[in-house]
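**Student:** As given, the protein sequences belong to chains A and B, one line each in that order.
According to my numbering, the first sequence holds residues 104 to 574 in order.
According to my numbering, the second sequence holds residues 104 to 574 in order.
None of these hints come from the bench; they were simulated from the model.
Watch out, some of these pointers could steer you wrong.
For identical chains, the list gives no copy identity; a pair is met inside one copy or between any two copies.
List of simulated lysine-lysine pairs, BS3-like, C-alpha gap at most 25 Å [what the hints assert, rightly or not]:
#, residue 1, residue 2
1, K557, K131
2, K325, K557
3, K387, K217
4, K455, K387
5, K455, K107
6, K131, K431
7, K186, K107
8, K455, K217
9, K455, K436
10, K128, K557
11, K436, K128
12, K494, K557
13, K186, K485
14, K107, K557
15, K387, K436
16, K431, K128
17, K204, K131
18, K186, K455
19, K557, K431
20, K431, K485
There are 2 protein chains.
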Amino acid sequence: MDTKLDVLIIGAGSAGLAALREVRKHTKRFAVINHGPYGTTCARVGCMPSKSLIEAANAFHRRQSFAEFGINGGDSLSVDIPKVLRGVRDLRDRFIAGPIKFTEDLGPRSIAGKARLLGPHHVLVNGQELTADKIIVATGSRPIVPATWTEFGDRLLTTDTLFEQERLYERIAVIGMGAIGVEIAQALARLGLEVVGYGQDDFLAGLTNEAVNRTFHELLQKEFPVYPGAPAELRQTADGIEVTNGTHTVVVEQVIAALGRRPNVDDLGLETLGVELDDQGLPKVNPQTMQIGDLPVFLAGDANGRVALLHETADEGHIAGLNAVAGKIICFKRRTPLMVVFSDPNIAVVGKRLSELIPGTFVTGAFDFRRQGRARAALRNKGLVHVHADKQSGLLLGAEMCAPAGEHLAHLLALAIDRSLTVYDLLHMPFYHPVVEEGLRSALRDLTAQLPEKPASDLSSCAAFQAEALD
Amino acid sequence: MDTKLDVLIIGAGSAGLAALREVRKHTKRFAVINHGPYGTTCARVGCMPSKSLIEAANAFHRRQSFAEFGINGGDSLSVDIPKVLRGVRDLRDRFIAGPIKFTEDLGPRSIAGKARLLGPHHVLVNGQELTADKIIVATGSRPIVPATWTEFGDRLLTTDTLFEQERLYERIAVIGMGAIGVEIAQALARLGLEVVGYGQDDFLAGLTNEAVNRTFHELLQKEFPVYPGAPAELRQTADGIEVTNGTHTVVVEQVIAALGRRPNVDDLGLETLGVELDDQGLPKVNPQTMQIGDLPVFLAGDANGRVALLHETADEGHIAGLNAVAGKIICFKRRTPLMVVFSDPNIAVVGKRLSELIPGTFVTGAFDFRRQGRARAALRNKGLVHVHADKQSGLLLGAEMCAPAGEHLAHLLALAIDRSLTVYDLLHMPFYHPVVEEGLRSALRDLTAQLPEKPASDLSSCAAFQAEALD
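Pulled out of the complex, with its shape left as it was, chain A reads as follows (with noise of 0.2 Å):
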């Protein structure tokens, strides 16, 4: 293989492949450096078997409303929680096989081993001196484990091992409670575990808004406890772990560390750069280009500790792939921010959150889904949406909600605030009934009644009047 390289890449994840499809376009003088088992954090351990693992929670928890429904024998379901893993690891391993194959078919350019940069041209891997006119760094996270940990061994659990597991313990203690933690938890409890929640936050699953954290709390609790607001201590005891915050304290089987992700950069030579490096060892990175300052290396996807989520990642081994191939760096201009948990009801923060929105400038609509009539004839009726818009122009800034179809709620209000929208014209599309977007309506009319313009009609009137009479 030739040692000097267009473009060398450390990581087949998704920023990493996302990166690999732009490059491959401008030229074959290219390789792939991957540390690890491959097919990337998303379809291996992430978000696909987490979506696998509450496909069949949800699915087993219906049953509570089955009598309601008139369906008889719901209390004779069980759960076989093995099955269910191999179902997940199943279809995990379907998920996985498309990059794997994509990184198998580079042949030689496809390098497995840990890389350490030497400088910004130069990387060290298996021995061997690669030089690159550019690197694009794409190495990922992985969970954050506290050191003292380890001792409980297997029963420690983070989401590398979860989906490994043959079977689970009746008791978890699920610690952290942001996106994935909330996942984990709600599923394991609805599989029919004993499951405790403890989050060293006030706010559940990324949130922002007391609202919507305090109506989803309520929600969660009737389900497993939710210790939120407190840091949990582990300690081994003769008959498990014990977890304690302070004030509540159990004592379980197994327990399941969702403290969040940490970017994978230790050894990874980035003091090499010579560029500043925070006290988690990251340099400054634009987001609007990947670039590392003015040096021809990009950092991309979880690795540069900025959000985790997988199409913010995406993109940005996109960016990074297309300005490692460009004459010129380009600036893009990122997403709409959007963030979803998987959570029964779903959690969705869209736009601005709460906390960047400037007091006084803006008005709230919200509406409780309980009244909600679809969401009521599908015994759905949960959860609480807060908009955000100018309290002049009525222009749409965010959104927080936990709600029934939640996830595609966010996406149709992503859209109206990607489009600079405002709730006027967000009222001016087409609502069908029954759906829970009437529920969305109500909020936003729950707006337009604070704003000062308030039209008679969500329609607009023809600019001149058009004899359009029936065929």
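Model the placement of chain B on the given structure of chain A, informed by the hints.
**Tutor:** What follows is chain B alone, placed relative to chain A:
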């Protein structure tokens, strides 16, 4: 009661009540006449009870995925149809309570009786003549049933009678495979009844796109026999009712007529208005004003034979109400067309139908949901979406689909089409991962591959380089 009114509304259904909401803001000299049961077609016998039945049916049907998820005991579930129907009626009663109270609270301004127009300002009801400056006719519609079918007595149901049944027979034919027929037939089949569907048209559920229709037909056919493309004839036999379309013959115990709805304009006196009536007895109505000719009479909702969809009906009542109290007739733009059928997968038609597009001026992007990751994790990966865009500009024109979460994809597309967005605009929004909206994105990318302009990125580049670095 005063017999000289500003506005008289005939019909206390969805259109009439929407009109009333506007009228009462401007005058107290109004009355609402209603014939037959109160509570709106939608809440009483339409959208809401059907959705309630569908939710129960889908919950029961989901057991077919239980084994694959790792859930045992799905085979021992059973459904109690009388209980399902009671549940539907219970919910129905809660949904109709609102509209009923709305008219009850009107006191003497609410009149129960059959109205007959005597001219553009005069109405006869319960032997009394009322005069009004403006009249809003919103008398709704009723299911079409061929006259000879009355011989089948209570073996012949329509949506007016279906939800009132204590129980249902085992073998049921649904005649008519439009939106309502498809929804009811699939729900009853999923509740374990032996259903056969007959449709006169080749297209099911209001589709106009052959590929989508074929996909949907194949999917439905796996659940129950569906025979589109030929009218069905019924004949009483010793064993029950024989249904045949000439090719396929079955004997069933009960028949549900879902042949569409007919405006309630019989004996209404529309001929006294002095305008031309068509062979259905309907005058021309301007859909942007709801006015009949230049008369002080408005015809809104199902009664005008235009589109029997709740959100359109509500708009029509709203427009008629605003115009009945306006000094000068206001002309309103109607909304982007949107139709959803709550089958599984959902059917949706957004914007222009294929038959309304000029051949050669557009391109079509397609995506088959068998390949969609999230839908696969949910074991719901069935369906097809076609999106049409202008072949030069990429302006979104319309879409048809049978798709998982199709009702939500349809709202996203409806907003995009309503705002005159291009494919590129829509691709600019964030698509979270993993969501079924990614399937829509694949169809959009299939579109851009056929368009003359092929940007290197879905992202837009910054107008000017911004040195927005990581904190």
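**Student:** Going through the earlier hints one by one, which of them does the structure break, listed in rising order?
**Tutor:** 2, 5, 7, 8, 14, 18, 20
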